[in-house]
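Engineer: Kindly produce the complete structure, drawing on both the sequences and the hints.
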Amino acid sequence: MAQPDIIDESGDKYKYGFITDIEADTAPAGLNADIIRLISQKKEEPEWLLEWRLKAFEFWQTMSEPHWAKLAYDKIDYQALHYYSAPKQKVAPKSLQEVDKSLLETYDKLGIPLKEQEALAGVVAVDAVFDSVSVATTYRAKLAEKGIIFCSISEAIKNHPDLVKKYLGSVVPYTDNFFACLNSAVFTDGSFVYIPKGVKSPMELSTYFRINAKNTGQFERTLIVAEDDSYVSYLEGCTAPQRDENQLHAAIVEIVVMNNAEVKYSTVQNWYPGDKDGKGGVYNFVTKRAACRGANSKISWTQVETGSAVTWKYPSCVLQGDNSVGEFYSVAITNNRQQADTGTKMIHIGKNTTSKIISKGISAGFSNQTYRGLVKVTPQADNARNYSQCDSLLIGANCGSHTVPYVENRNRNAVLEHEATTSKISDEQLFYCKQRGISEEEAVSLIVNGFCKDVMQHLPMEFAIEAAKLINISLEGSVG
Amino acid sequence: MNTPLLEIEDLCAEVCGKQIIKDFNLTINEGEVHAIMGPNGAGKSTLSYVLCGKPGYAVTSGSVRFKGKDLLAMSVEERAREGVFLIMQYPVEIPGVPTTTFLKHAVNAVRKHQGLPELDTMEFLKMVREEGRLLGIDNEMLKRPINVGFSGGEKKRMETLEMSILKPDFAILDEADSGLDIDALKVVAEGVNRLRDGKRSMLVITHYQRLLNYIVPDFVHVFADGHIVRSGNKDLALELEQNGYAEFVKEK
Amino acid sequence: MTNLVPNIAYDYAELAKVSGIELPTPKTEAWKYTRLRDLLDCPYTLCTPSSATGPELPLKADVIHISNGRLVSALPQVAGAEITVIDHVEEKTHHPFAQMNALYLTQGLQITIRRKLSRPLVLNYHMSPNGENGFYHWRNIINCEKDSSAAIIEQFTYEGEVKSCYLANLVNDINIQAGASLQHYKYQNEAFKANHVALHEITIAADGKYESFCLQKGANIARNETEISLNGEGAEAVVNAAYMMNGWATLDTTTNVYHYQPHTKSSQLVKGVVGGTAKGVFQGRIHIAPNAVCTSGTQLHKAMVLSDDAEIDVKPELEIFADDVKCSHGAASGEIDKEQLFYMRSRGIGEEEAKTLLIDAYVTDVINHITDSSVREWFKSLI
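Chains A, B and C, in that order, give the protein sequences.
Those letters in the first sequence? Residues 1 to 480, by my numbering.
Those letters in the second sequence? Residues 481 to 732, by my numbering.
Those letters in the third sequence? Residues 733 to 1115, by my numbering.
Keep in mind the hints are simulated off the structure, nothing from the lab.
The structure presented is a predicted model; accordingly, all values stated were derived computationally and were not measured.
Glycine included, each C-beta is placed from N, C-alpha and C at the ideal position.
A portion of the hints provided could be inaccurate.
Claimed, not checked - Under 7 angstroms between C-beta atoms, here's a sample of chain A residues computed to sit facing chain B:
hint, residue
1, Leu-81
2, Lys-200
3, Glu-428
4, Gln-429
5, Lys-434
6, Gly-450
7, Met-461
As the list claims (entries may be wrong) - In silico DSSO-like cross-links for lysine-lysine, where the CA-CA straight-line distance does not exceed 30 angstroms:
hint, chain 1, residue 1, chain 2, residue 2
8, C, Lys-759, A, Lys-70
9, A, Lys-276, A, Lys-200
10, C, Lys-941, B, Lys-498
11, A, Lys-453, B, Lys-498
Structural biologist: Structural data, given as structure tokens:
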């Protein structure tokens, strides 16, 4: 039987590759202190934030782009990018009805039924970020009743400056890394979530990110603060239109989790991956980190990564509070010429902290994928526990799959376990399915979804269905 | 009655460049149950894989016609959809794929091929649960990933369940009794016997006569050195039980 | 070879620098966990010759004594092998310590195995520092000819002041031809302020087999690095190791296994026990080249941490460019099993004794993989 043929036209099947035609207010290309002042001015920011941005920019100029990841991409010209682009609108929309119609159509194509949702009355609250400026936030009133703040970060800077000032950069300081530093200097929008003490969010909060304008870097910044005894589940979906140029995306997500609080953060990342020859696609350099500051706090990252030409992303957990828990569940799929270097960091600092890593990587076509993870146990983290499992599946003979876990243990009571396997879809499994009448394509999809199950089951239901579909779309044509 | 279902003529096949099936001939008519018995390592399982089209099992000459069509020209799944079913000796585990999901895909692939409407989830579950009950397969087992962590007996019961819901025209039972205790064997045999309707045919491959007490064949063939060396009725199986295969195994 | 002046204390880092060789820095990924600073801390003079020899091994073997980096006994006549002395080599790799080794070679051996050897060949390295901080560079070029088979045992010991600070830099260039097999065992028990850097570069042709085991117990910084290229179908490598340390040492086991051809196989099992302020490092990489299908590579590292200040750093790595492969790695670290300890104590065994028994059992598990029974027993006697 022939080996699955990997060369195909699947790169042209990007479902979300439409471009929305709306006038945008765009800053000139290039990056300098004046551009940063312009961004800050456009956003009517307070002085302290401008100063912070300028400090970040100054520091960024002393840094160099990291190249330790197993990623090869064309040099990024940071001076050729536009750092600000906002949809032009005369007056800020007060309700969904006032939002530009073509924008709403875009969301429909994306499958976010914004309008429907208001009618359906409160399942998910959506904050849609479109080229860096949040255009519509739904269900705010309902959330406000509970004291939950869910808005764009720009609004939060205006309306809740003390909260933003207190937590912004407290988990990911601007000195953290090159891309985080760049983001700190130029971030234009993002989401802000504040869950007060004792409040369980009555609905899942959801943000959709989308890159539209040409040559625009998207630098959104999300900040989530969960006070004592609170709970929130946050969903993030990402898409970008199909373009020949590479688009840069350097985002930051910071999460602060206090005593007995829990945050679930789920991502379905489906940025444009480039065509089958690797032309175009999003460069996705993201810093995501959660600090479990309180005792018994918990953070759970779940990600399904199918998009982007280049992914550089390590959602991390800093387990400071005693008995805090960090979890990372990841499915990453690369096809054609995609490259992904992704994983997590679990930093055990508090006593009795536990962490769990389940990573499932699927490589097809000519793609390359690396799991890179760190489990670090500091001397004071007595009784730390970690279990890591990283499985990789290879489809076709031209892809690569790599596993680079780092385990650093400085505590005698720590119990750390790491397991990893790499294999292809077994011929026996394929034969078994086909002997029962199932086609090869369907069999591969069944087996791959089965392979990912341990991760998918951690996604909220509606997200899980979308993610399962995405997996199938991503692998289309990777088999015979 | 004597409508041929499967006609194997002068079949030769090899695995890894080694010839295992040599000038094999056999015709199975509708409704007939044939047993193939032979010493271990004679290539009995190879025959079943060749008929199903397993990759790596290469036919070098000869022909196989199924319902008059060229079976060897069909892909694995086409043969399955045409009605060739194999109860495997070692069913493979597929982690994460719930049994019902797997079965639903299989049932609907076959139905689509037959021009029948696909079953919706409710209809499908009703059917699977009913058939499962007859084989002692409960709902919990149906929710587990297919074959994962199943005991030998559970795996064989699952194979039988798959057969009874896919309703193939021709079933091959490859050492269906291996790893079964007597009670499990009876359950499996009853399941198989329920499907004997005078039209469906079967090929029972076994080393021991034991299974043939429960699935009584119309014909028994002795398989050695790549082909049938002797044929008879069910009494031949008893004779083999008595005398062993020694007289059929050539000195190498 | 470049000549070094005796009795002059060389700053090793400076010597490398003027020779155009870049020693690893704290930012060098491959040396991330091993604190070279301590190794490069003191200046070294070229070792002065010594005639002291190391303890004999309790096995029937042909023995070559090497003392302070120089041969001290006549070379034995070994039926089926040819052994000659070398005093210069060329280094083909970019490994900085191997480059230093070649450039300033003290001495070395060319060993050609022509057929099956009847008994192991022992290389008994001994250090007698005589109060100086000496260094030596030793290299073996081992060629296992087609269908030959041999066992080579390396032992590293010292005498005199336990706090002697010296540096042993060793390289084994091993070429295993088609169908040949080599068993390679090593016991390292250097002085506890001494440093030991060893590189084994091994190429294996079709159906060739390499089996190794290394027990590290001594030194301040010791790195045992193995680089294997499986260059022919059917080639196979077993790279096992154990380390035990209670002081402040860094014991580093680094492996790179390259599967370049289909139907190649490798397995690694490494177990470590660290107490005091010791640090155990395991870095292992399995690399499967494109088209190297039907390969299997496994790797397992387990460590036991006995004290609050001990540390374990692990980086097991898979780098896979072919689809029809079966690869896995695992890493585990934890303290001594409390249940087992309790069970033994409940049967009247004292806590310290119970711990010793459990640690022995932990390490013996790796030693049991050694195929040669007399070597196996010898290693068991060393733990």
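Engineer: For every hint, state whether the structure bears it out.
Structural biologist: Hints versus structure:
no., hint, result
1, Leu-81, "41 angstroms, violated"
2, Lys-200, "30 angstroms, violated"
3, Glu-428, "4 angstroms, holds"
4, Gln-429, "5 angstroms, holds"
5, Lys-434, "4 angstroms, holds"
6, Gly-450, "3 angstroms, holds"
7, Met-461, "16 angstroms, violated"
8, Lys-759/C with Lys-70/A, "17 angstroms, holds"
9, Lys-276/A with Lys-200/A, "44 angstroms, violated"
10, Lys-941/C with Lys-498/B, "27 angstroms, holds"
11, Lys-453/A with Lys-498/B, "40 angstroms, violated"
Violated hints, listed in ascending order, are 1, 2, 7, 9, 11; each of the other numbered hints is respected by the structure.
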